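Spelled out from the first residue to the last, the chains are:
Protein chains: 2
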Amino acid sequence: MEQWRSIEESSLWEAMASRPAFDLQTDLSHASIKKRIINAGGGLAYSYATMDIADETIDMLCNISQELDLQGQYRALLSGEIMNSGEGRMVLHHLTRGEPMGSVVKNGRNYGYFYRNEQKRIAAFSAKVRSGALKTPAGKNFKQVIQIGIGGSDLGPRALYLALEQWARERGLLKLKASFISNVDPDDANAVLASLDPDTSLFILVSKSGTTQETLANEALVKAWLARHGLNPSGHMLAVTSETSPLAGNPDYLDSFYIDDYIGGRYSSTSAVGGLMLSLAFGPDAFASLLEGAKEADLLALEADAKKNAALMNAMLGIYERMVLKRPSLAILPYTQALSRFPAHLQQLDMESNGKRVKRNGKSCALPTGPIVFGEPGTNGQHSFYQLLHQGTDIIPIEFIGFKKNQTAFDPDFEGSSARRKLNANLAAQIVAFALGKPDPNPNRFFPGNRPSSLLFGEELDPRALGALLAHYENKVMFQGFAWNINSFDQEGVQLGKKLAGSILEPGNLKAESGSTDKLAHILDSYAELLGAI
Amino acid sequence: MEQWRSIEESSLWEAMASRPAFDLQTDLSHASIKKRIINAGGGLAYSYATMDIADETIDMLCNISQELDLQGQYRALLSGEIMNSGEGRMVLHHLTRGEPMGSVVKNGRNYGYFYRNEQKRIAAFSAKVRSGALKTPAGKNFKQVIQIGIGGSDLGPRALYLALEQWARERGLLKLKASFISNVDPDDANAVLASLDPDTSLFILVSKSGTTQETLANEALVKAWLARHGLNPSGHMLAVTSETSPLAGNPDYLDSFYIDDYIGGRYSSTSAVGGLMLSLAFGPDAFASLLEGAKEADLLALEADAKKNAALMNAMLGIYERMVLKRPSLAILPYTQALSRFPAHLQQLDMESNGKRVKRNGKSCALPTGPIVFGEPGTNGQHSFYQLLHQGTDIIPIEFIGFKKNQTAFDPDFEGSSARRKLNANLAAQIVAFALGKPDPNPNRFFPGNRPSSLLFGEELDPRALGALLAHYENKVMFQGFAWNINSFDQEGVQLGKKLAGSILEPGNLKAESGSTDKLAHILDSYAELLGAI
Numbered sequence: 052m053e054q055w056r057s058i059e060e061s062s063l064w065e066a067m068a069s070r071p072a073f074d075l076q077t078d079l080s081h082a083s084i085k086k087r088i089i090n091a092g093g094g095l096a097y098s099y100a101t102m103d104i105a106d107e108t109i110d111m112l113c114n115i116s117q118e119l120d121l122q123g124q125y126r127a128l129l130s131g132e133i134m135n136s137g138e139g140r141m142v143l144h145h146l147t148r149g150e151p152m153g154s155v156v157k158n159g160r161n162y163g164y165f166y167r168n169e170q171k172r173i174a175a176f177s178a179k180v181r182s183g184a185l186k187t188p189a190g191k192n193f194k195q196v197i198q199i200g201i202g203g204s205d206l207g208p209r210a211l212y213l214a215l216e217q218w219a220r221e222r223g224l225l226k227l228k229a230s231f232i233s234n235v236d237p238d239d240a241n242a243v244l245a246s247l248d249p250d251t252s253l254f255i256l257v258s259k260s261g262t263t264q265e266t267l268a269n270e271a272l273v274k275a276w277l278a279r280h281g282l283n284p285s286g287h288m289l290a291v292t293s294e295t296s297p298l299a300g301n302p303d304y305l306d307s308f309y310i311d312d313y314i315g316g317r318y319s320s321t322s323a324v325g326g327l328m329l330s331l332a333f334g335p336d337a338f339a340s341l342l343e344g345a346k347e348a349d350l351l352a353l354e355a356d357a358k359k360n361a362a363l364m365n366a367m368l369g370i371y372e373r374m375v376l377k378r379p380s381l382a383i384l385p386y387t388q389a390l391s392r393f394p395a396h397l398q399q400l401d402m403e404s405n406g407k408r409v410k411r412n413g414k415s416c417a418l419p420t421g422p423i424v425f426g427e428p429g430t431n432g433q434h435s436f437y438q439l440l441h442q443g444t445d446i447i448p449i450e451f452i453g454f455k456k457n458q459t460a461f462d463p464d465f466e467g468s469s470a471r472r473k474l475n476a477n478l479a480a481q482i483v484a485f486a487l488g489k490p491d492p493n494p495n496r497f498f499p500g501n502r503p504s505s506l507l508f509g510e511e512l513d514p515r516a517l518g519a520l521l522a523h524y525e526n527k528v529m530f531q532g533f534a535w536n537i538n539s540f541d542q543e544g545v546q547l548g549k550k551l552a553g554s555i556l557e558p559g560n561l562k563a564e565s566g567s568t569d570k571l572a573h574i575l576d577s578y579a580e581l582l583g584a585i
Numbered sequence: 052m053e054q055w056r057s058i059e060e061s062s063l064w065e066a067m068a069s070r071p072a073f074d075l076q077t078d079l080s081h082a083s084i085k086k087r088i089i090n091a092g093g094g095l096a097y098s099y100a101t102m103d104i105a106d107e108t109i110d111m112l113c114n115i116s117q118e119l120d121l122q123g124q125y126r127a128l129l130s131g132e133i134m135n136s137g138e139g140r141m142v143l144h145h146l147t148r149g150e151p152m153g154s155v156v157k158n159g160r161n162y163g164y165f166y167r168n169e170q171k172r173i174a175a176f177s178a179k180v181r182s183g184a185l186k187t188p189a190g191k192n193f194k195q196v197i198q199i200g201i202g203g204s205d206l207g208p209r210a211l212y213l214a215l216e217q218w219a220r221e222r223g224l225l226k227l228k229a230s231f232i233s234n235v236d237p238d239d240a241n242a243v244l245a246s247l248d249p250d251t252s253l254f255i256l257v258s259k260s261g262t263t264q265e266t267l268a269n270e271a272l273v274k275a276w277l278a279r280h281g282l283n284p285s286g287h288m289l290a291v292t293s294e295t296s297p298l299a300g301n302p303d304y305l306d307s308f309y310i311d312d313y314i315g316g317r318y319s320s321t322s323a324v325g326g327l328m329l330s331l332a333f334g335p336d337a338f339a340s341l342l343e344g345a346k347e348a349d350l351l352a353l354e355a356d357a358k359k360n361a362a363l364m365n366a367m368l369g370i371y372e373r374m375v376l377k378r379p380s381l382a383i384l385p386y387t388q389a390l391s392r393f394p395a396h397l398q399q400l401d402m403e404s405n406g407k408r409v410k411r412n413g414k415s416c417a418l419p420t421g422p423i424v425f426g427e428p429g430t431n432g433q434h435s436f437y438q439l440l441h442q443g444t445d446i447i448p449i450e451f452i453g454f455k456k457n458q459t460a461f462d463p464d465f466e467g468s469s470a471r472r473k474l475n476a477n478l479a480a481q482i483v484a485f486a487l488g489k490p491d492p493n494p495n496r497f498f499p500g501n502r503p504s505s506l507l508f509g510e511e512l513d514p515r516a517l518g519a520l521l522a523h524y525e526n527k528v529m530f531q532g533f534a535w536n537i538n539s540f541d542q543e544g545v546q547l548g549k550k551l552a553g554s555i556l557e558p559g560n561l562k563a564e565s566g567s568t569d570k571l572a573h574i575l576d577s578y579a580e581l582l583g584a585i
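Residue numbers (this note's numbering), protein chains in the order written: chain P, 52 to 585; chain S, 52 to 585.
Since the hints were made in silico from the structure, they are not lab data. Check each hint, because a few of them may be wrong.
Note: identical chains are not told apart, hence a pair may lie in one copy or across any two.
[Unchecked claim] Each computed DSS-like pair below joins lysine-lysine, with the alpha-carbon atoms no more than 27 Å apart:
no.	residue 1	residue 2
1	Lys228	Lys194
2	Lys570	Lys489
3	Lys179	Lys157
4	Lys570	Lys549
5	Lys550	Lys194
6	Lys359	Lys550
7	Lys171	Lys489
8	Lys489	Lys549
9	Lys550	Lys456
10	Lys377	Lys228
11	Lys359	Lys455
12	Lys228	Lys550
Computed from a predicted model, the values in this text were never measured in an experiment.
Make the full structure from the sequences, and use the hints.
See below:
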């Protein structure tokens, strides 16, 4: 991976990084709001007028993105080059929703065909469940679907489900209500099970490797629970896994659907990992529409000019905030309750992808990489942590998300306006309050302003808009990883904890595998003892 | 408030801040784990052996806490002095669970008596509802309780409810299942209402002022929904408010319970704001036990020696991380799914309290104050953002929370261990992995270590432990505010957005109230238009 450079090695870096600051209070103009908007696909637009970065700096960021050939790297990824360098893998999640650079055929397999064929199988299977053609062993209709998975098998699918649950209910499409079991804490599984009717429950076990500790432990618990209720687990369970895993084609499951190593967990929502649950819950058409929206965003991300490429622009502005303005975190603030868990998905997507300290060429990163990502829906956050965003000692860049319409119809006027108008008036007000602040002789009531934000907005949060939103962020994070010259597609940082936990549960492991010193073993023992784990 | 100084004005500050770094990999010893533990009340203990701060530095932090008289300020607060200086108010939330410094009698009122008398009224009322003595107008038993509130009327109560829901269910105490409506987004209320049986629902409207926009809009929506179902809202609604609000003693509610201006929203979980819902859901005894645990923590916080005062030690260590080591954020990572929303509560508690840039004497803070707070339960987070915590370019201090026992009994062994043992083995492993790291010739697999954490742990998450946990953090945040010499009890930073939102909804307001320029009005209009809010 010697051919790629990182952003601080580009010829324009020094000049760009030393450009004067942009003061929103003096430099923001009414006119720039209309100028700084980019189509983001799926009916969404990306507005970045209130980012504290001058036009000339943005021009230079655009030039840098071309010099670093971020576009070329995206095209290489789409074409099936080994972009997950450390693990020697292709990165193919885009193929779940289209083939922007044509077919990827390797090792005798057409990958786009493979992923989309699984979607066809899923569509047919979910149609049968939803229509009642496929029933429980006792002849009942399935009424709930429960996803058992962790990390990427949980956060993205859960965020997408919650994003569309009311949309689907309102339209009569919600046939199977979904629940999620993720944590190895048995109180998690027991809480979910307490709300279920075992006779009509359909579980999806999601583990690419078929060896995820949490997921297998939860499967065992769920199987014991089904057996307690006199049910045969194999009539109530599906698997999503890779073809080479122990779960594949296993008669313990009603059916199995497949993914592979070229789709990382946090990028797997548009594969069978998200597709099976979403198709069962909302129907295959809704899921197809989500894929269409994602495809639109993927195609727009091919545009070389960052000023016409929302994901690329968002990526470059974020890099500037992180590296030049030294801002360590990013708030994602959706003004819709439906996106209540979308920030948690982006927290994984971004922090697991770009929380790296080594470049693709093995050298250490001298400058900061991925930020901390956090967020809650507005207006709730306004009554919580916005105090610090407005008047704290640090500046935290914000990405707002908003929609013009509700998902549900019932919205009576109160004091002269609908709740929707109140919600969006608050969003508009916050953007302006952060940017412009407010002078006040009382220092407690002084708002410094100059706090940057951007806005992704659309008409309505429907499956197509949601697909575009998801892909926008996947592509943004990807472009940032390219610009930092890090591998956004591995996660070596999760291994050490796993290994040490294993050594507590099976004490033979520690000395054998991790090259432990006695000191480490002693300290590990002490904590395991404090917590009653040995 | 001229009598107080901030930490960088203390005589030991320079000496303390210039002390050598503490290297966990070389300096952490097995012995220190037993030495660095403090009783935190409610059966909890605070372990800080893996904080990257040397013993001598900690000694100096302890001395500084005495020089700044943080204890004296706590005692003053408990005694009813005006510690919310900007708003000229006392800060009395501790009195909801005890009177560590004796009665506070002012303006002809004994405040401890007042708060605890409301709790008695709540206990009697909830016992009647739970026993079925008090029924719906149609003669049915109430089966669900729904809290309508936002910010402190939502986050703390919701976090506490979720923390005990399985505990109570397992013990047959869960009589009314609770739901929460908070966001002004009508999709939030409609989602909750879709899951309810209107005939057996009991709503609690929580607004201290009786004027919170979101809460009143949601009340209007809920009342219209009840009316649609042919029900009289006044037979299905309670109010928690102040005695002077329009909601007080109002025949629109079945009953009203009271708080006052001396309990801030984010500190109100142990008042009627949390108490009514929790007592209805779990019974008055469970809530009384939560108060007992909180009282234990409050009493322990009176200890002058920080080495025996968990909240004070936690506060001082956090200040060192923030001000000396310049770490802008803090991860709260509970290893129990029951605390899934506890980090969101602490996000408000900490960021709204200490996200300030002005001291109590009106001078600007030259050094950083409150950090960004975020977190999710483990092991879920391990499969999400821990990658960045282990291998990112920034160091993020961590506060872990763990318990030895489950809340629920069903926990079959799988592969030789219970899920509980797996969970706690993971927690012990993470503490050690962050502290010690791991050498590796492959730079992608190298773990730098030296990443600090602390651990609050106990036997079981029951009401008493939860009360102590809540109070521990309230007191920690309070001590930090004292040490920064900021007012942790106001939230002026929420006002500007409110005002600007009002000016969109009622255009007369803008020019009248906020001293707006035409530019601000133009920009506000543009965003309101983009979002369809005008």
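Evaluated hints:
1. Lys228 / Lys194: Both: 7 Å inside a chain and 22 Å across chains, each within 27 Å.
2. Lys570 / Lys489: So Lys570 and Lys489 pass the 27 Å test across copies only (13 Å; inside, 55 Å).
3. Lys179 / Lys157: neither (33 Å within a copy, 70 Å between copies)
4. Lys570 / Lys549: within (19 Å within a copy, 55 Å between copies)
5. Lys550 / Lys194: Close neither inside one copy (39 Å) nor across copies (46 Å); limit 27 Å.
6. Lys359 / Lys550: Cα proximity of Lys359 and Lys550: none, with 45 Å in one copy and 35 Å across.
7. Lys171 / Lys489: So Lys171 and Lys489 fail the 27 Å test inside a copy (56 Å) and across (45 Å) alike.
8. Lys489 / Lys549: between (49 Å within a copy, 13 Å between copies)
9. Lys550 / Lys456: between (48 Å within a copy, 23 Å between copies)
10. Lys377 / Lys228: Neither way: Lys377 and Lys228 sit 43 Å apart in one copy and 46 Å across, limit 27 Å.
11. Lys359 / Lys455: Classified as within: same-chain Cα gap 23 Å, cross-chain 54 Å, threshold 27 Å.
12. Lys228 / Lys550: Neither way: Lys228 and Lys550 sit 36 Å apart in one copy and 40 Å across, limit 27 Å.
This entry does not satisfy hints 3, 5, 6, 7, 10, 12, going by the numbered hints stated previously.
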